[in-house]
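Student: Model the placement of chain B on the given structure of chain A, informed by the hints.
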Amino acid sequence: ETGVTQTPRHLVMGMTNKKSLKCEQHLGHNAMYWYKQSAKKPLELMFVYNFKEQTENNSVPSRFSPECPNSSHLFLHLHTLQPEDSALYLCASSWDRVGEQYFGPGTRLTVT
Amino acid sequence: KNEVEQSPQNLTAQEGEFITINCSYSVGISALHWLQQHPGGGIVSLFMLSSGKKKHGRLIATINIQEKHSSLHITASHPRDSAVYICAASGGGADGLTFGKGTHLIIQP
Chain A
1 ETGVTQTPRH LVMGMTNKKS LKCEQHLGHN AMYWYKQSAK KPLELMFVYN FKEQTENNSV
61 PSRFSPECPN SSHLFLHLHT LQPEDSALYL CASSWDRVGE QYFGPGTRLT VT
Chain B
1001 KNEVEQSPQN LTAQEGEFIT INCSYSVGIS ALHWLQQHPG GGIVSLFMLS SGKKKHGRLI
1061 ATINIQEKHS SLHITASHPR DSAVYICAAS GGGADGLTFG KGTHLIIQP
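Chains as they are written, first to last, in the numbering used here: chain A, 1 to 112; chain B, 1001 to 1109.
What the hints contain is simulated information worked out from the structure, not anything from laboratory work.
Owing to the predicted nature of the structure, the values given are computational and were not obtained by experimental measurement.
Worth double-checking, as some hints may not be accurate.
To be verified - Cβ-to-Cβ under 10 Å is the rule here; a few derived chain B residues that face chain A:
#1 Q1006
#2 L1035
#3 Q1037
#4 G1041
#5 V1044
#6 S1045
#7 I1060
#8 S1090
#9 G1091
#10 G1096
#11 G1100
#12 K1101
All C-beta atoms in this analysis are idealised placements derived from N, C-alpha and C, irrespective of residue type, glycine included.
Excised from the complex, chain A in its bound form (with noise of 0.2 Å):
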């Protein structure tokens, strides 16, 4: 238990859905993160949140939508996802954005 909490944990949708991630942090940490970790792919960078401000958005597609009311819970909207989309969503929190990270279980999404 990492002190962060993903839900779904599991997620199949179809490609007109729209289904949201949620991602809470019970740490007091002020960063937050969203991976995503693809099929034989290294896990890349999505978004950060520092402060309840986004601080990065790595050139993600803009049917993936995040959002950060407090700095305890963090959520990425999907709409109009493709198949290519399906992949392990991680949520990760740290006190600053530069502290270790410390990740939740993750979300396995499925586009069909």
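Tutor: Only chain B this time, still in chain A's reference frame:
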């Protein structure tokens, strides 16, 4: 943009062997992270280091800032050490981590 290279990609060893995984990066960083990922996906941070050496149980991590190189060692390896080990760099002009491709380690009894 930082490039993080890891080797080997796959490693199979016998229980008790000394394991070394290597990582190199291309630009200056604030810290180097070693992560462990078990089947199912969960990732655990093993070490974060910016200089020298750290030890936790049978795991040792070292970093050489001048050579932009880090190693993760496992002493007296055990089948429960079987996992994917991932090297990642933070800093280097961007927030978040830049990851290596990971090393898939299998320790056979």
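Student: Which earlier hints can't be squared with this structure?
Tutor: 7
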